[in-house]
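S.K.: These are the residues of each chain, in order.
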Amino acid sequence: MAKTGIALILALSVVVVPAGSALSEIKSGSEFLSPELRRQQADETRNPAFFWVEQGRELFSRRPAPDAQACIACHVDPQQKLRGAATRYPQVDAATGKLLNLEGRIEQCRVERQKQPAFGYESPELLSMTAYLASLSRGLPMQVKTDGAANPFFEAGRAFFERRQGQLNLSCQQCHDGLVGQKLRGDTISHGAGTGYPAYRLEWNDVGSLHRRLRACSLGVRATQFDYGSAEYLALELYLAGRAKGLPVETPGLRR
Amino acid sequence: MSFNARITMPAQAKAGEIVEIRVLTRHVMDRGGQSDGKGGTVPRKILNRLTATYAGEPIFRFDMHTGVSANPFVSFTTRAVATGDIVFEWREDGGATYTRTARLTVT
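First to last, the sequence lines map onto chains A and B.
Residue numbers for the first sequence follow the numbering used here, beginning at 1 and rising by one.
Residue numbers for the second sequence follow the numbering used here, beginning at 1 and rising by one.
The hints are simulated quantities; they were obtained by calculation from the structure and are not laboratory data.
Just to be clear, a hint being listed does not mean it is correct.
[What the hints assert, rightly or not] DEER-style ranges, computed between Cβ atoms: (1) R63(A) with G40(B): 32 to 40 angstroms; (2) K98(A) with E17(B): 54 to 62 angstroms; (3) K98(A) with S35(B): 49 to 57 angstroms; (4) A82(B) with T45(A): 21 to 29 angstroms; (5) G95(B) with R164(A): 53 to 61 angstroms.
Only a predicted model underlies this, so the values are computations on that prediction, with no experimental measurement involved.
All residues carry an ideal CB built from backbone N, CA and C; glycine is no exception.
Could you put the whole structure together from the sequences, leaning on the hints where they help?
M.R.: What follows is the structure, given as structure tokens:
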């Protein structure tokens, strides 16, 4: 009840959202955290998400079955060779023309190259693997392609971001552009960069994917929650990543 | 991967020095009570105690209850007296135990 009340007040207080935001001013979600949480994120002795990174590293070097190859058999020296990979996702898969995020690429290798059943979105295994591979790009700037084959996806993501939706009739943009820096239920609204995901959220007591965070925002405005890995959220993820171009990857992040 | 622990402390210290020991644990700390879908409820399954001994002597005990978050973190201090193992033991509901050992060299 309290939740709805606060959200409604917020909805009523939204008057105008400035058109054409200055993309250069986009800041990371961690900039809006308390100094303690920000320190805790960077501290491997305090941020529980590093357990997931560790699990991912182990999974990466382990054979999933006696007759199957470990990921590391094809991807030797991942620290070097896969460093930076996460900064280029989501991207259009050349072979299929589909938009793949890092989770999608991992599942593709898992199924087509490793010949194993997919981990499944939001499974601890896929979260660990994604957190591990993204952590190899920590500190490197996001640099997704938004032109060429990626452009229609990027534009679909932008349209989603700008469209008012849900019972509260709010767009992502109204909060993550127009109300940045304002308080909402103990959170400070950020630009919605998403550069720390998969992240450990205190509210979840767990590590979750970016799509889980998006589902939480959709629910927050009483709008349709799309499926994990859905075309809608993939396009949105590309738009967010394009908006966050130049911001460093922070995975594994720590969020409220 | 239901249990894991990350223990952070100096590998060596001078005799008499106070050392800080940080313990981050991976555990869901399931307080139970949810429906199990078969008419019953899921039993509580948390780590209910963490103890540490240093060269065989108990130095720390932390009793945990359902109010403790998942993946709990705790830190404490002890005085370096002699080179020896610090042994950490967690006790889980149902009787399982997990242990980790860290060596402190005292100079």
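S.K.: Taking the CB of R63(A) and the CB of G40(B), does the distance hold inside 32 to 40 angstroms?
M.R.: 38 angstroms, holds
S.K.: When you take the CB atoms of K98(A) and E17(B), is the distance between them in 54 to 62 angstroms?
M.R.: Cβ of K98(A) to Cβ of E17(B): about 59 angstroms, so the range 54 to 62 angstroms holds.
S.K.: Using the beta carbons of G95(B) and R164(A), state whether their distance is inside 53 to 61 angstroms or not.
M.R.: At roughly 55 angstroms between Cβ atoms, R164(A) and G95(B) fall inside 53 to 61 angstroms, so the hint holds.
S.K.: Does the hinted range 49 to 57 angstroms hold for K98(A) and S35(B) at CB?
M.R.: Violated, since K98(A) and S35(B) (Cβ atoms, about 38 angstroms apart) do not stay within the stated range.
S.K.: Kindly confirm whether 21 to 29 angstroms is satisfied by the beta carbon distance between A82(B) and T45(A).
M.R.: 25 angstroms, holds
Figure legend: structure checked against the earlier numbered hints; the only hint not met is number 3.
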